[in-house]
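Q: Single-letter residue listing:
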Amino acid sequence: QKEVEQDPGPLSVPEGAIVSLNCTYSNSAFQYFMWYRQYSRKGPELLMYTYSSGNKEDGRFTAQVDKSSKYISLFIRDSQPSDSATYLCAMSRAGANSKLTFGKGITLSVRP
Amino acid sequence: GAVVSQHPSWVICKSGTSVKIECRSLDFQATTMFWYRQFPKQSLMLMATSNEGSKATYEQGVEKDKFLINHASLTLSTLTVTSAHPEDSSFYICSVRNSGRGPLGETQYFGPGTRLLVL
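Note that the protein sequences, when read in sequence, are chains A and B. Read in order, the letters of the first sequence are residues 137 to 248 in this note's numbering. Read in order, the letters of the second sequence are residues 131 to 249 in this note's numbering.
Be aware that one or more of the hints could be misleading.
Unchecked claim - Residues from chain B shown here face chain A by an in silico Cβ test under 10 Å; the list is partial:
id, residue
1, Ala132
2, Val134
3, Gln168
4, Lys171
5, Ser173
6, Leu176
7, Glu189
As the list claims (entries may be wrong) - To list a few chain A residues with every Cβ distance to chain B over 12 Å, as calculated:
id, residue
8, Leu147
9, Ser164
10, Gln200
11, Arg247
The set of hints was computed from the structure by calculation and includes no laboratory data. Quick caveat: nothing in here was measured; it's all calculated off a predicted structure. Quick reminder that beta carbons are idealized off the backbone N, C-alpha and C, glycines included.
Work out the full structure: start from the sequences and follow the hints.
A: Right under this line is the structure:
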């Protein structure tokens, strides 16, 4: 079993739809959870980060972490064509030498 | 978020030559930088952790003599692909670890990537 599993996609939605992206993980030591957005041929861009369980909202984006279920989600409201990209979940343990463990990424396409 | 630059953004070279890629942290001093490679339609694969003033730590299966990493200052790390071959063609991305405290201290900010094509 991989440490982080992410729905493989791809995912195609109409403009204005609510998008739900999810990852599950197996390592209970993970404390920090991030979502990155990567446009084609670009480096990943940090979208959201959360520590431990809970919700965090930033504009049209909401990140949820449920540590009891080892499940994280990213919701995108009122999706726009400019949201079309690959979304990667990532997580890490605490500590100075911690590394990010990534999901495989899901490619989202928002149709005008 | 932090600004991280990479140079060059793309490079084409002949098989057998060496290529150096620079990664700069423009917003803050970074004691730790990371080097990743990414193949098409795949996730990022960590190659090594670069620590300022000390030797890099390589992930299992990554040849340290082939991928030389130097982190000579708090704002610059370099990756040199020595004797490059076509199978080294990939997208190389560096990241900078925020050394601050709290949740942000565990995040990484990525550079724009360097596309390497070895002929």
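Q: Confirm or reject each hint.
A: Evaluated hints:
Interface restraint check: Ala132 (chain B) against chain A, minimum CB-CB distance 9 Å, threshold 10 Å, status holds. Contact between Val134 (chain B) and chain A, as hinted, is supported at the beta carbon level, the nearest pair being about 8 Å apart and thus within 10 Å. With 10 Å as the threshold, the beta carbon of Gln168 (chain B) comes within range of chain A, its nearest partner Cβ sitting at about 9 Å, so the hint holds. Restraint check, Lys171 (chain B) versus chain A: the minimum CB separation of about 8 Å is within 10 Å; hint holds.
About 5 Å separates the beta-carbon of Ser173 (chain B) from the nearest beta-carbon of chain A, less than 10 Å, and the hint is met. Nearest Cβ of chain A to the Cβ of Leu176 (chain B): about 6 Å, under the 10 Å cut. The hint holds. The restraint placing Glu189 (chain B) at the interface with chain A holds, with a minimum CB-CB distance near 9 Å, inside the 10 Å limit. Under the 12 Å C-beta cut-off, the non-interface status given to Leu147 (chain A) relative to chain B holds; the minimum distance is some 14 Å.
Distance check on Ser164 (chain A): its Cβ is at least 16 Å (rounded) from any Cβ of chain B, clearing the 12 Å threshold; non-interface status holds. At roughly 15 Å, the least C-beta separation between Gln200 (chain A) and chain B is larger than 12 Å, which holds for a residue marked as non-interface. Once the 12 Å rule is applied to beta carbons, Arg247 (chain A) is consistent with being away from chain B; the minimum gap is 20 Å.
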